[in-house]
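Whole structure, please, built from the sequences with the hints as guidance.
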Amino acid sequence: MKVTLRIWRQANANSTGQLVTYPLDGVSEDMSFLEMLDMLNEILTERNEEPVAFDHDCREGICGMCGVVINGVAHGGQHTTTCQLHMRSFSDGAIIDIEPWKAGAFPVIKDLVVDRTAFDRIIQAGGYISANTGSAPDAHATPAPKREADIAFDNATCIGCGACVAACPNGSAMLFTSAKITHLAMLPQGQPERYSRVKSMVAQHDAEGFGGCTNIGECSQVCPKGIPLESISQLNRDLVKSLFKGDGKAS
Amino acid sequence: MAVTGLLLIGFLLMHMFGNFKMLIPDDGKEFNEYSHWLREFGYPALPHKLFLWIFRIVLLSAAVLHIWSAAKLRLRANANAGGKRYRSQKFMEKSYAARTMIWGGILILLFVIIHILQYTAEVLRFGYDNPDRSLAPFDRVLAGFSEWWVVLFYAIAMVAVCMHVLHGFWSAFATLGANASAGARKVLKTLAWIAAALLYVGFMIPPVLILFGVIGR
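For the protein sequence lines, the chains are A and B, in the order given.
Start counting the first sequence at 159; every next residue gets the next number (this note's numbering).
Start counting the second sequence at -18; every next residue gets the next number (this note's numbering).
These aren't lab readings, by the way, just hints derived from the structure by calculation.
Be aware that a few hints might be false.
[Said to hold, decoys possible] Pair ranges (Cβ atoms, derived): (1) 175/B x 273/A: 44 to 50 Å; (2) 367/A x 27/B: 57 to 63 Å; (3) 192/B x 273/A: 58 to 64 Å; (4) 252/A x 60/B: 46 to 52 Å.
Each residue gets a CB set at the ideal place from its N, CA and C atoms; glycine is no exception.
What follows is the structure in C-alpha cells.
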C-alpha cells in the first residue's frame, strides 16, 4: 500500500517545528506503525537525510515509550499503543499526520520525541511504598480483597505513555496521577502513606504545569490501557479525605 | 468549581419552581405575593430584606468563586495546552458541552447581567416604559415576554445554561468523588440530562405561554 506521511520535524527543543510531507510506497498492511516509520527512516538514511526521531522500546504495548498523535488522536484511536497499531488500520493512499505529544510540560526534544520526565517527578513525589528491603514476603502474607486487588491491577497497568496529557484539552495529567494513586490506595501496602501520597503527587502534578481536570473524558478514550475515568474520582475522594488527615506531604 | 456549581444549579431549580407561580390563573396575585415574600422573608424577626441580601451575597460569592476557579483552570490549561496543538485534533468522547464550558459560562454571565438589569434593576424595560418602578412583578414579566424577540433571546440563552448544566452537573459530582464505577457514571450522566432538560422546559414554559397569550391578556 501507498501512504502519504506528514510528519512533525523539529531539530531541537528551541527550534520551531513543522509538518514535512513524505510519500511512502510499498508499505505492507501487516507492518506495525513503527515498522512503517523504520522503513521511512531507512530510505531517509540512504538518501543521507536526517531520519525521523521517535521513541520506542518493547514494541509489545507494555513499556509506554512509544506514542505519537496520529491524525489528531493520541496513539491513533485504536485503544492500543502506537507500536501495536498496524497499517491495516489505514486505507491505501491515506494521508497520515504524525505529531508528537504537545503540552508545555512535555517539551519536544526532537521530531516526535518529547521529554516526559515530569511524570517521573510525579512518581518521585509519592508514587511508591516505603518498604525496608529484606527477603521477599510470602505472597499470601498480606491478603487483599479480590475487588480491590482487581481495581489495583487495572490501574497498575498504566504505562505512563502520556497519551492522556496529549489528548486532554486542558493538558491535564490527572488520569496518569490517579492511576498511580488508585493502584496503591487499593492495596494494604499502600495504606500507611495513602493520604500524604495523594497530597504530594497532586502538588507535584500542579507544579509541573499540567492543567486541571474538568472531566471531559478524552484521556480515558485514548488510554491504551483503558484506565477508567473513575480513577480520577478515586483520587478526588482521597484528596478530600486527606484534608481531614494530619499527614502532610511526603518529604 | 463543583461546590459553587451545584449551589448555582440548586438556585436555578428554586428559581424555576418559583416561576411556576405564573401559571396559577389569578392574574399574578400569588406570583406577586411570592415576589414580595422573597423580600420580606423572616420579617419581623429579621429586618426588611435582610434575608434577601444574605441570599444575594451567598449567590454572588458562589458565582464569583465559580468564575475565579474557571479562570484559574483556563490559565493553567492555556499554559500547558494552549494554542493550536495538532493539525486537526479529533475528539473521541462526545464532549462538545464539556469542551465549551468556558464559552458557555461567558454567555451565561452576560445573560445573567441582562436578566438582572431587566427584572431586578428595571433598567432595561422590554415591552413597557414605566420608569417609576410601579409595575407589579407579574406585569413586568408579562410585558417582557410579550415581545417575541425577548422570548427568542431567552430561548437561546437557556440553551447555553442547559449545555453548561449538562456537563457541569455530572462533572461536579465526579469532582466530588461520586464517579465511583461505570454504573455510577451512567446514573450521573442520566441525571445531568434530566436536570438540563427539566431546567430548559421548566424555564421556557412561562415565557412561551405568555407569548402565545395563554397567561395574561
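The hints, checked one at a time:
1. 175/B x 273/A: 44 to 50 Å: Cβ of residue 175/B to Cβ of residue 273/A: about 45 Å, so the range 44 to 50 Å holds.
2. 367/A x 27/B: 57 to 63 Å: 48 Å, violated
3. 192/B x 273/A: 58 to 64 Å: For residue 273/A against residue 192/B, whose Cβ atoms are near 59 Å apart, the range 58 to 64 Å holds.
4. 252/A x 60/B: 46 to 52 Å: About 34 Å separates the Cβ atoms of residue 252/A and residue 60/B, which means 46 to 52 Å is violated.
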